[in-house]
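Chain order of the listed sequences is B and S.
Just remember that the numbering used here sits 4 ahead of the position in the first sequence, which is counted from 1.
Just remember that the numbering used here sits 6 ahead of the position in the second sequence, which is counted from 1.
Calculated directly from the structure, the hints in this document are not laboratory data.
Watch out, some of these pointers could steer you wrong.
[Said to hold, decoys possible] List time: in silico DSS-like cross-link candidates among lysine-lysine, alpha-carbon distance up to 30 angstroms: (1) LYS211/S x LYS10/S; (2) LYS106/S x LYS45/B; (3) LYS224/S x LYS64/B; (4) LYS211/S x LYS224/S; (5) LYS224/S x LYS106/S; (6) LYS78/S x LYS10/S; (7) LYS10/S x LYS22/B; (8) LYS211/S x LYS64/B; (9) LYS224/S x LYS10/S; (10) LYS211/S x LYS78/S; (11) LYS45/B x LYS22/B; (12) LYS45/B x LYS224/S; (13) LYS22/B x LYS224/S.
[Stated by the list, open to error] Every beta carbon over 10 angstroms from chain S, so not counted as near; a handful from chain B, in silico: (14) GLY26; (15) VAL36; (16) ARG69.
Glycine is no exception: its CB is placed at the ideal position from the N, C-alpha and C atoms.
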Amino acid sequence: MIDLLAATPALPLDEAGKYVAGAYVVFLVLIVVYVAIMAAKLQRIERELRELAGFAEQRKQEEEREEVSA
Amino acid sequence: MYGKGLRPLSIATVAMLALSLSLVFFYAPLDADQGFVQKIFYLHVPLAIVALMGFVVGGAFAIAHLRSGNRKWDAYSYVSIHMSVIFGVAVLVTGGIWAKASWGHWWVWDEPTLVSFLIVFLMYATYYPFRYAIEDPERQARYASVFAITAGAFVPLNFMAVRMAESLVHPRTFATANGGLPGEMMFVFLCSLATMALLWVTLVKFELTAKSASGQVKRLRRALDAPAPGAGSRIAPEVS
């Protein structure tokens, strides 16, 4: 990796460097923020699915108990 | 259903992003006029093209929704517009940075290209409150589709009007038959454009998959007659 970086040509990072870096960083930050929001949404869906699985399991056990007592 | 093929698509997008960034910084020649700051071009212009195309695609999905009455197309239209608005934010910010570096100003009000894009962006920004204002899901979908078609038709008209207008400072990307770019720059630009298009498709698919999963959880909750965890979004349409 270090050899690869050493072999790459140097970037002319003068006055314009900060603007170019700024533009690309803004783009990457937007993508990262979007992915983070989506990850939070997926975590919520996963939690709801776990709740529903527990709810279904509990209901099944109640039904089995009612059948036994009947 | 929507998640099918998402993993290879995501891997391809990341690979293309890495390739495009490498080409931009280590292969594309420096612009004789603008120098290093012209590298923003390979980010800003593809983002703008994909955002505008996304708005048109959103309009096409809206036509499919009105023709078929299938709510799936409304969800596609919503997600396309949603993603293009996010891309639009990136276009405005990267454009502002490029303008500051090139012209010394963050924004130039008498430049048709900039102002027309801002108008399109603000028009689509009203899509959310417009949807939100209608409670009935059927009407909401129908009215949002009409909005998406009307606004989608405005995008190419607006683009043509800007091309015909006299530019003051903003460069024209495809001003000549060969695009006005040397071969190497054109190749890198097309790679960047393909990357942004792929990123847009991946994020749309990602969003649709999440919405589909959320919709299925809601239906499962209703089928089990389970207590609701709280009010969901009234804006975003459900995906089956």
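Does LYS22/B sit within 30 angstroms of LYS45/B, going by the straight-line distance between their CA atoms? Violated. LYS45/B to LYS22/B sits at ~34 angstroms, over the 30 angstroms cutoff.
- When you check the alpha-carbon spacing of LYS106/S and LYS45/B, does it fall within 30 angstroms? 36 angstroms, violated
Report task. Take the C-alpha atoms of LYS224/S and LYS106/S, compute the straight-line distance between them, and say whether it is at most 30 angstroms. Result -> Roughly 48 angstroms between the alpha carbons, so the hint for LYS224/S and LYS106/S is violated.
Take a quick look at VAL36/B and tell me if its Cβ sits farther than 10 angstroms from every Cβ on chain S, holds or violated. 12 angstroms, holds
Checklist line | Satisfaction of hint between LYS10/S and LYS211/S, Cα-Cα up to 30 angstroms | finding: 9 angstroms, holds
Item to complete: Below or equal to 30 angstroms on CA atoms is what counts here, so check LYS78/S against LYS10/S.
Response: Within the cut-off at roughly 16 angstroms; holds.
- Query: Holds or violated: are the alpha carbons of LYS22/B and LYS224/S at most 30 angstroms from each other?
  - Reply: 47 angstroms, violated
Can you confirm whether the C-alpha distance between LYS211/S and LYS78/S stays at or below 30 angstroms? Holds. LYS211/S to LYS78/S sits at ~13 angstroms (cutoff 30 angstroms).
Measure nothing beyond the straight line between the CA atoms of LYS45/B and LYS224/S; if it is 30 angstroms or shorter, mark the hint as holding.
14 angstroms, holds
- [ ] Determine whether the non-interface label on GLY26/B survives the test: each CB of chain S must be over 10 angstroms from its CB.
- [x] 5 angstroms, violated
* Does the claim that ARG69/B lies outside the interface with chain S hold up, using a Cβ gap greater than 10 angstroms? -> 18 angstroms, holds
*asked:* Hinted pair, alpha-carbon criterion (30 angstroms max): LYS224/S, LYS64/B. Please report holds or violated.
replied: 20 angstroms, holds
Violated hints for the displayed structure, listed by number in ascending order: 2, 5, 7, 8, 11, 13, 14.
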